[in-house]
Structures are given as structure tokens and as C-alpha cells.
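Put chain B on the given structure of chain A with help from the hints.
As you go down the protein sequences, you meet chains A and B in turn.
Everything in the first sequence is counted per the working numbering, starting at 4 for the first residue and increasing by one.
Everything in the second sequence is counted per the working numbering, starting at 692 for the first residue and increasing by one.
Calculated from the structure, these hints are not laboratory results.
Don't take every hint at face value.
[To be verified] Covered stretches of chain A (in silico footprint by chain B; criterion: 3 or more residues with CB under 8 Å from a CB of chain B, positions within the stretch not fixed): (1) 26-37; (2) 106-112; (3) 212-220; (4) 231-243; (5) 266-274.
Glycine residues also receive a C-beta, built at the ideal position from the N, C-alpha and C atoms.
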Amino acid sequence: MAMSGILKKIGEPSYTLLEYVVLITLMMYVLTPLLWLLETSVNTDPVPYLSIPKGITIDHFIAVLTNRPITGGYAAHPVYMTRWIVNSLIISGTTMIIVIILAVLASYSLSRLRFRGKNLLMTLILLSGFMPRMAMILPLFQLCRTLGLVDNLIGVAIVVASGTLPTQIWILKGFFDQLPRDLEEQAWICGCDRVSAVFRIILPNVGPGLAVVAFMSFLSGWGAFTIPLILIRREYLFPISLGIASVFIHNPGEIGLVVDYGPTCALAVLYAIPSIALYILLRERLMEIRLARLEVR
Amino acid sequence: MNLKVLKIKTWIRDNLDQIVLSLLVVPALVLIFTFQLIPSAWTIWFSLTDIALVGKKALNWSFVGLKNYLDMITDIDFWRSMNVTIQYCAVSLVLRFTVGILAALFMTLSKVKGKILIAAIFLLPSAIPGIMHPYVWISMLEPKYGTLNTILKFFGLPPQSWTYGAVVESLIMINTWAGYTFTMILMASAFKSIPREYYEVAEIYGASRWQKFRKVTLPLIKFPLILCLILIFKEDIDDFTYAYMFTGESPRPDFKTELLSLYAYHKAFHYYELGFGCAVGFVIAIIVFVLTLLQLRVARV
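Next comes chain A alone, as it looks inside the complex (with noise of 0.2 Å):
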């Protein structure tokens, strides 16, 4: 019995074994690296490297909430640590705002829309955004001093949204494509003008894209570096981003400068907290596919 039962299992293999191996692997990749982050930021004594550390404090944590004064090399620089997570806040719900509504839009429209020239006009949009980010710094720079979005976060918003936009587009028409156009024309048939057909069947239905579309957007924002370091002068009105950049780094992008490891990584730590949650908040609240609702009815 248990031979066979043994047997039965080498006949057919289960995968769960080989699944946890590739898993425990992977998340060994994506967590090496991160342990350096999360012990600097509890260590009484930061290095740039992975170490024992000799004391466990959270200081750090204090500092950057406290907006206290760094004491470094670079003294002179104001923090403005909780001005900037507002300013961050801003920014990337702003974004969000933008993108979620202008996609849902475009992309509706576009896949229920038939007419010549839509396959040319897909195509343009995906390939508007190609030019690459670092050729485009002076034009970017000078219109929109021009239209008055230079030291402005909503302006700053509004970049990264037109950035963002094309992909996002692309990625919900996808989704809206895949409903099954009876699903809507039912709803009509039900009395639904188009507008609550939309609200009530379409946009449940395509959950798991606006979830895409409402996480990518709010990172797009949150992570946003070029185009605030473009378009924001002021010190008090950076996004998080820069803020880590422009205090604890003297010239980002080089490596060695660093001022002050500890509440850079505290900084850091902090920082990753906004998206996962609104990842797992979109997760239970969009992901889950509710094609059955229309039969019920």
C-alpha cells in the first residue's frame, strides 16, 4: 500500500519540491542585498558593507522623523525630511489621480472604438515616450518653464504622468479587450445606459489592470528622479527621492560619498513602506475577478 502510495508519487512528480528549491533561490537574490540596507539602519555603527553590528539602536529612525540636522560633511544642507514624504505624497497620488483617470478613459475608448488608422494610432502612442529621458533634459527643461511648471509639484505630477501614459494605456486597453463585448451589451439589454455599464460591469471586471495601472503609477511618482531633479529647485519642495540624494549624497550617482549611512538606509526602510502597502491594499481590494456577477443577476 504505502509502496504503491511511494510509486505512485516518482510516476507523477509533484512540483512542489522543485517550486520551493526556485523560490528559496530567488528570494535569496532579491534578499542578499537588502540585508545590508535593514542592519544599517538598526546599527550603532554604519559601514558601507555588510557587518556584525556592535549595537542595535533606532536612532536613525528618530533622526529622519525628527527632521533633525545632520551632522556631517555637508552640514549646511536644511532637512526638510517630513515636508519631503508630503511633498513625495503629493506628487505620486497626484500622478495616480492622472493616470488612472486618463487611462481608463483613453483606453476604453480605444478598444471599443473602431475606425482605419487604429493599429497606426496604438503604435504612435507605445512610441511616443522612446525618445530616451537623458536627450530630452533641455527641451523638457525649457517648456516647461515656459508653461510655468518649474518649481511646482503638481507640474512635476504631470510629467511623469505623460511618461507613464503610453504604457499604461497600452497595458488597460489589453484588458479591456479581453472582456467579452456580450458581457457589456447584456448590461445594456439590463437597462444600463453606457456610462453605469461601465461603472457597474466593466471596470469590476478588469480589476487586476486598474490594480496595474493605479501600482505602476504610484511608483512611476514615488520613485520619480530625473524629472524632479529637472524641474524643482527649491529645497523644501523635493520629493523623498531627491531629498536622500541632495543630503546624505554630495554628487548622486557617485559612489564613496555618502554622508551618513544610518539614516540613509533608516530613510530607505521607511521608504519602501507606502508602495508594498498599497500593493497589498490593491491586491485584496482589485485582483480578484468577478466575471460570474452578470449570470447572478
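Just chain B, lined up with the frame of chain A:
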């Protein structure tokens, strides 16, 4: 005259639905046009001039036609960096895609428990600030105290010079680590959006594992899959953050890290030849353009 107005009015009434529908796409197009296409066109214009970043030529620049492009294709460094870029992008594309798909599978379809924790861990590289990536990886790759060499030493293996000898491998390792999340997020949603009922129906008809994948899963995830490939390639050819971190303000003597985008950056911001940098930028855009059209054509989406 009146008849004409009437005709237009009836046409509008008959096609109201279509007209409203097409107006919905306008706001997005306006935003994209203003902040993407206008600066891009401006960049293309710059690429036809001898504009410099600083100095006399920054203000008194003049139109030079295709001179920048001719200089580029006769520059041996351009072709060397093209070679570096092709190898880097190809390997990076495969790895970012594979790791991303695997992570997405673990977050959605696999039977492994604790999906929320898995998702949170896999999101970490894109959740920490990008400005910290170089420092995180220096802690890994540092030759004397770095984590990787400590691990190698623990197993009795010889330490490697990650930042010098194996610099391209290190670059790809970092880029994959920082960049698989895009594929993961998109594909996780794509997997989730496949209605369970489809598989149930397939099972009733006695479909095998492979048939279920071929006939149910693949057609439904083909579109996001192609989109991932296109956007990964675009990002890899565009972004030189990690290459810059091993290079600095001027090209390395061994030229191993000189990606096209970094080559453009060095030309524009180190040698101050902004016009030339813009020309390289436009060439990058054309490469992406052609490859994207090719992928869309092959995949027929």
C-alpha cells in the same frame, strides 16, 4: 444651406455615441503630445545642430544638417558601444523576463502558501529608493568586505573582482534585480484576470496541462507578454544608471560598460557635445522603434 446644417445635425445625432467615445481619448493624447512628442521633436532638432552644453556654442549654435550622424557612424567608439549594448540588452532581457514571470507565478498560480509575504518580498527592489541601489550593490560586490566575496570565502572559493573583471556580469545581475518587478506586476495581474471557469471548461473537455496552457493561458496573456518584452528592451537600452555607477564621468579604458545611452551621456555632458548626444539619443529611439514594430508584427497584436 439649411439642408446642410440639418444633415450635419442628423449625422451628429446618429453618431453621438462614437463621437463621445472618441473625445475620451483626447485628454491623454494632449498630455502625451505636449510632454513627450514636443520635447522629442526638439531633441531631434538639436541633433541636427552643433549646440553645446556650455560655452559659446551653447548660445550661438548653428544648423549642421546630418553632420552629427555622419560623425557617429564613422566613430569606432559608437560601434564598440553598439556591440556592448546588444550583448547587454539581450542577456538582460532574457533574465528580467524569466525572473519576472517566475515571481509572478509564485504570487498567483503556485500552490506555495503565504502569497502576500511573497509579493511583499518580491516588491522590495522597486520599493526602496532607486538612489540606494548602487550603495546596496556596492555592499554586495565590494572586493574586500562585500557580501558576495564573503560567501565565496565561506565555501572556500576564490573571491572575484566583481567591479572590474566581471563588470558586465555584475551589471546584468544588478539590472535584473532592480528590473524584474515590472514583468512581475503586469504578469501577476494577467494571470489573475484569467477566469477560472475557462480552465474548468477545458478540464471537462479533458484538456491536458499543455493544452490548457496553449489554448487558454497563452492567448490571454500574449498581449501583456509582448508588452513586457517591448518595455524591458526600451528600459534597458535607455537606462544607464548602473553602467554609470561602474564608470563615472568618462569612459572606462576597457570600454566594457559603455552602453549606447552612456556613450550619449558622456558625449553630451562630459564633452559638452549636446547636439551629438541628441543624435545618439535619436538613433536609440529608432532602434527601439524598429524592434517594437517587429515584435508587434511577429506577435500580431
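Check your understanding: If you look at each residue in the stretch 212-220 of chain A, do at least three have a Cβ nearer than 8 Å to any Cβ of chain B?
Key -> holds (count 5)
Point to revise | Within 8 Å of chain B's CB atoms, at least three CB atoms from the stretch 266-274 of chain A: coverage verdict | key: It holds, with 6 qualifying residues against the three required.
Review point. Count the residues of the stretch 26-37 of chain A with a beta-carbon closer than 8 Å to any beta-carbon of chain B: does the count reach three?
Key: holds (count 9)
Review point. In terms of beta carbon proximity below 8 Å, does the stretch 231-243 of chain A have 3 or more residues touching chain B?
Key: violated (count 1)
Point to revise | Check of the stretch 106-112 of chain A against chain B for coverage (Cβ-Cβ below 8 Å, three residues minimum) | key: With 5 residues close enough to chain B, the hint holds.
Hint violations for this structure: number 4 only, all remaining hints satisfied.
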